[in-house]
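Produce the complete structure using the sequences and hints provided.
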Amino acid sequence: MKKSLTITVLLLIIALALNLSSAASAAGGGDDFGAVVKQIEQFYHVKHQSIPLLARASMKAATTAARIKGGEYKRLAEAGSVRVVFFENQDFNSRGGIVGFKASLTTAVGQTWSPLIQTLSATEEEQTYIFIRNAGEKFNVLVVTIERHDAVVVQVNLKPATLAMLLRDPNDMGKAITDDATKDDDR
Amino acid sequence: MKTLFQSVLKLATLSLLLIAGFSVSARAQSARLQLANLDYLAGKASQTVDVNIDEKLLHLTASFFGNEPDEKEIKALINGLKGIYVKSFEFEHEGEYSAADVEAIRTQLKSSAWTKIVGIVSKKEGDVEVYLMSDNNGISGLAVLSIEPKELTVVNIIGPVDIAKLATLEDQFGIPDLGIERPAKIKSKN
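In the order they appear, the protein sequences are chains A and B.
Taking our numbering, the leading residue of the first sequence gets 1, the next gets one more, and so forth.
Taking our numbering, the leading residue of the second sequence gets 1, the next gets one more, and so forth.
None of these hints come from the bench; they were simulated from the model.
Treat the hints loosely; a few may be bogus.
Said to hold, decoys possible - Calculated lysine to aspartate or glutamate pairs in the DMTMM-like style (CA-CA distance at most 25 Å, straight line): (1) B/K165 x A/D169; (2) B/K44 x A/E78; (3) B/K44 x A/E125; (4) B/K150 x A/D169; (5) A/K175 x B/E96; (6) B/K150 x A/E78; (7) A/K47 x A/D150.
What follows is the structure, encoded as structure tokens:
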């Protein structure tokens, strides 16, 4: 009994520590990824969740990456490069201010990033933003996907060949990267 | 002494005017259209797509194309390009964008550097207007306006694009399917 209580307390402490560390890196830190998360939180009055395992479990099955590749599934993001923040079951209503949000997000992301593609649906409150940045021999790609009740912010490193492949169909690029980054590794 | 001062002043003024002239001319010669006036439409549209692919990304993509016939054709098409920019808006109802929105783009295309190409046919309803910019080295840019009652699309390609193969780029690099049929013979109209 005492042993199981100790394990429970330990697990709670670990979960709390993970939560705090993720929140700190997303909201503070002074990085562009954190600035984007903060901008979403401020504009929509929402809070991100830092329980990626639970969030991952609820993600829809992803097939886009495999479709683009035209064959077997292959990871797009470089190992260890993925940063993800989820917003689940919250209200993403811009109240007619979607254009203003777009402008504020572009400002928040900073000048080192270039906007590659932005798709918006003001009526459905759906938005996808892809920003890109050259990082030596690879590229940093930042994807922001916002729907009526959920949002995901993903940053990954892509090899030039992977980016070139995705650029042929930039409209599907955001979904492919987000699906890839939020999938479990055992697929 | 006074004469020398006046001559220097005249030369300086002339130089300034020339520099200003070159600067204006250089700006006027750019094939990149200013489309920011359309941004507000994103607040009304049921679907907005905004694509910005610069020269570096185009070259990167081109370098990974293979030797299959279709890939070779696209590679040849994008190799010299300096940018592909697309803004597309779909609306639920007619009349959501104004004639002034379109006119602001057309005004930029009225400069002598741009030539409207006639004889371009689209399978889609509405008007499709195609413009080419030329300089001493040949074609330096292309603009396509697709104007439908519930849809407005502007495609702006910077660089030496082959107009006869424009349809090949549809559904690639964010360029929507404009329904453009390959023109039998291209005619221009200023």
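Checked hints:
With a C-alpha separation of about 18 Å, the suggested pairing of B/K165 with A/D169 holds against the 25 Å cut-off. With a CA separation close to 38 Å, the supplied pair B/K44 and A/E78 exceeds the 25 Å bound. A distance of roughly 11 Å separates the Cα atoms of B/K44 and A/E125; the hinted pair therefore holds under the 25 Å criterion. Between B/K150 and A/D169 the alpha-carbon distance is near 24 Å, which keeps this suggested pair within the 25 Å criterion.
At most 25 Å may separate the alpha-carbon atoms for a hinted pair to count; A/K175 and B/E96 exceed this at roughly 29 Å. Distance hint between B/K150 and A/E78 is unfulfilled; the C-alpha atoms sit about 41 Å from each other, more than 25 Å. The straight-line distance between the Cα atoms of A/K47 and A/D150 is roughly 11 Å, inside the 25 Å bound, and the hint therefore holds.
This entry does not satisfy hints 2, 5, 6, going by the numbered hints stated previously.
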